[in-house]
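The residues making up each chain are set out below.
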Amino acid sequence: MLHINCPFCGLRAQKEFAYGGDATVKRPEINKEVSKEEWDNFVYMRKSPRGKHIELWHHISGCRQWFKVQRDTATHEIFKTAKMSEEIV
Amino acid sequence: MQKYSVFSLIKNAFTDHQNWEVAWKDPTPKSKYDVVIIGGGGHGLATAYYLAKEHNITNVAVIEKGWIGGGNVGRNTTIIRSNFMYDANARFNEFGMDLWRNLSQELNFNVMFSPRGIINLAHSDAQMNAYARRGNSMRLNGIDAKLLNRDEVKKLIPMADFSDEVRFPIFGGLMQPSAGTARHDGVAWGYARQADSMGVDIIQHCEVEGFDVEGGKIKGVRTSKGVIKAKKVGLCVAGSTNILAEKLNMTLPIETHLLQACVSEPVKPVLDGVVTFGAGHFYISQSDKGEMVMGGDLDGYNSYAQRGNLPTIQHVLTGGLALFPFLSRLKMLRTWGGIMDMSMDGSPIIDKTHIEGLYLNCGWCYGGFKSTPVSGWTFAHTIAQDRLHELNADLTLNRFSNGYLLDEKGLGTKTWIS
Chain A
1 MLHINCPFCG LRAQKEFAYG GDATVKRPEI NKEVSKEEWD NFVYMRKSPR GKHIELWHHI
61 SGCRQWFKVQ RDTATHEIFK TAKMSEEIV
Chain B
1 MQKYSVFSLI KNAFTDHQNW EVAWKDPTPK SKYDVVIIGG GGHGLATAYY LAKEHNITNV
61 AVIEKGWIGG GNVGRNTTII RSNFMYDANA RFNEFGMDLW RNLSQELNFN VMFSPRGIIN
121 LAHSDAQMNA YARRGNSMRL NGIDAKLLNR DEVKKLIPMA DFSDEVRFPI FGGLMQPSAG
181 TARHDGVAWG YARQADSMGV DIIQHCEVEG FDVEGGKIKG VRTSKGVIKA KKVGLCVAGS
241 TNILAEKLNM TLPIETHLLQ ACVSEPVKPV LDGVVTFGAG HFYISQSDKG EMVMGGDLDG
301 YNSYAQRGNL PTIQHVLTGG LALFPFLSRL KMLRTWGGIM DMSMDGSPII DKTHIEGLYL
361 NCGWCYGGFK STPVSGWTFA HTIAQDRLHE LNADLTLNRF SNGYLLDEKG LGTKTWIS
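Residue numbers (our numbering), protein chains in the order written: chain A, 1 to 89; chain B, 1 to 418.
Bound-form chain B, shown alone:
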């Protein structure tokens, strides 16, 4: 594989950039693989990469109905953080933060990881207390957390509304300085390119139509490009998990909902890190191009539409304007939607299933992007070793019936109420 560097850039400039190697091939599927990963998003591609790199399993296919990076990995708001309260979520995502820090070097692809910090704003004394508790829990797990008072917040985001008339005055906030953003589709492409170079087949425009299960064991998948036999199959299709589960006669603790995001026209730098509003559901960051990247509530009813509804955008941006009045002067460039696996406790599932050789990676709710590397890393371990790694030991399917829920926000099973 051609190494990307400043020298290869200069060298290719002499030939008008016409002679770059393709980043990944477009193979026709073989009839048999050791492992088939369904879903060519960030998590699926990362899983294939870590299967090859950490476990030396390279007879792997990633099959994708559309094109790689066309789903949620290309639709999210690129936020990376590990500010979780529960041990299982905190340890899992903090391991992920370590993977993020080295990812550009490891993949030889600039994923533009930019640890600019995240501030969760508090608008009452009770919220400050809750954040103090969360911050302490994070620090016990070795994650950096800083409780900011009003003046400290004002220094970091002076353009927020600190006037006396506001309905929800800023009392302070909880900051994770090591959190940040990354270029989302670069992550998919970087994993795809490295996985491909180690022998993984990335098969696009190949839809799964059914599964071959015999005697409680997975034998292969039936696809639009023919039957592919496989010893092991991993499902990485957050957003479409319920559709594939139905083909497997499985019912899961997941509902599929729609989340929208939007960007404004690009402006000069006004906002350094990521900021979340504490009195509504609204979060914002500024991309390297200068666009304000914003998101908030789910559309609020089961949906597979991949496009959103205007009342939700209006509602989310009302919160945005309460926090940053200057946004009213910006034009909206575009809005879009992605479909989310909303699990019944807000935490993901990376587990084995009752079918031997079938593994499940789902339930990412609206926070899957930040976990892309660690999800791939632990899922690859689970598939290769046929057992859970200690990092995903609590992210099981049976935690719902056993009562060991990881309900980080205490929302319960009404997943659309956020």
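Okay, chain A solo, but in the shape it has when bound:
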């Protein structure tokens, strides 16, 4: 089982959390012309790397906050967690 360090609540078991997907995918800016390719990249295209992956998690059975996690997709090692307003470099 993963142990995820919620930036608000601290270390908790995986069962308290729900996954939210790739956190690096950015929605095209609102009120601007969006090309078909930009829209495709946002909706469908995923890098899905083997190794470090920045992703969204939702502390659904806890504080109910969304936050970012940097995790290795092959070893499941969690390197960092951060609030939505913070960047993971």
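Keep in mind that the hints were calculated from the coordinates and are not lab data.
All clues given are correct.
Computed list of lysine-lysine pairs in PhoX-like fashion (alpha-carbon distance at most 25 Å, straight line):
1) A:Lys47 to B:Lys247
2) B:Lys414 to A:Lys52
3) A:Lys15 to B:Lys414
4) A:Lys47 to B:Lys217
Fit chain B to the supplied structure of chain A, relying on the hints for placement.
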């Protein structure tokens, strides 16, 4: 090639089975091939076989990082079905069912195809309506479908929980009687043996490190066993597609996730066909050895781990126990995981790419095994003729940007929510 038969079995018994021919050779790669297939799983080996058999292209290499049949073809729950609603998926997989029916004879290898039927259970009126619609769509495509009421289901699976106290009572189900199971690694071995006998080189423990692309054309692959030149290259590496796509600077509508399966200790026959629970994600069948073979949800986050996490197994088996309470008395023999190409609409991709001579076979989600023969058949056609066959004409890469999605379950792009 030595033909397998009861007579060859008896003959070899006299020499203590010491003189069987090897089923496939272990060649060192040549410097150049007409076609290189990357990935020695079921789909890759089937592709090589149909390239040789249907298109007379035998200067072919199948290169595999591990050993053949060590990936998802040896890790799945062996279910074969074509109970799809959309025309493109239904036609594609029903053609596959015809290939399955004759596969043991064709390959001279017993793949133990056993059409015992699949029942998808419904637990509400709405679900019964949805299954009636699906069944009708299947029948329009010539696929056998039978809508069962509660009593008919009870006759087929009397050991399921039909008591009054259950949280999700069984209302009925949709059955495809011609669906079934097969021996999964036998399929890989059967294709490998026949492909090898027609001149295909099966090169194991050979990892792809990069691609040579010049002027928009594929020239070859760089591997751990040296550079292999090729006129055409086919990618059949579901589970690792994103890794190879990265080496090609391609981004695909695919995420890689982990799916677990498990088997119980073997018991006497209790379950004839395949049964899926409709109020959770759980499916079960009984192997010929008597083990209950079970599976369900993805682990739920991007993963290349090939091993699973306990909360998911617990969750899946909770559904299993709700359906078949007798499972609580069985010991679990083993659990394992495989990595899945989750495409953004749940349907596969068999297509050409923007690189000339590079072909893509990916996005099988958690249902690639049933399509092994038809995937190989259509992919071989696509590679040999450099155009899509009508069976895979809709399984294109650009269907995502064009909006012609084949979203069978209406799940959208959150592939891990199943």
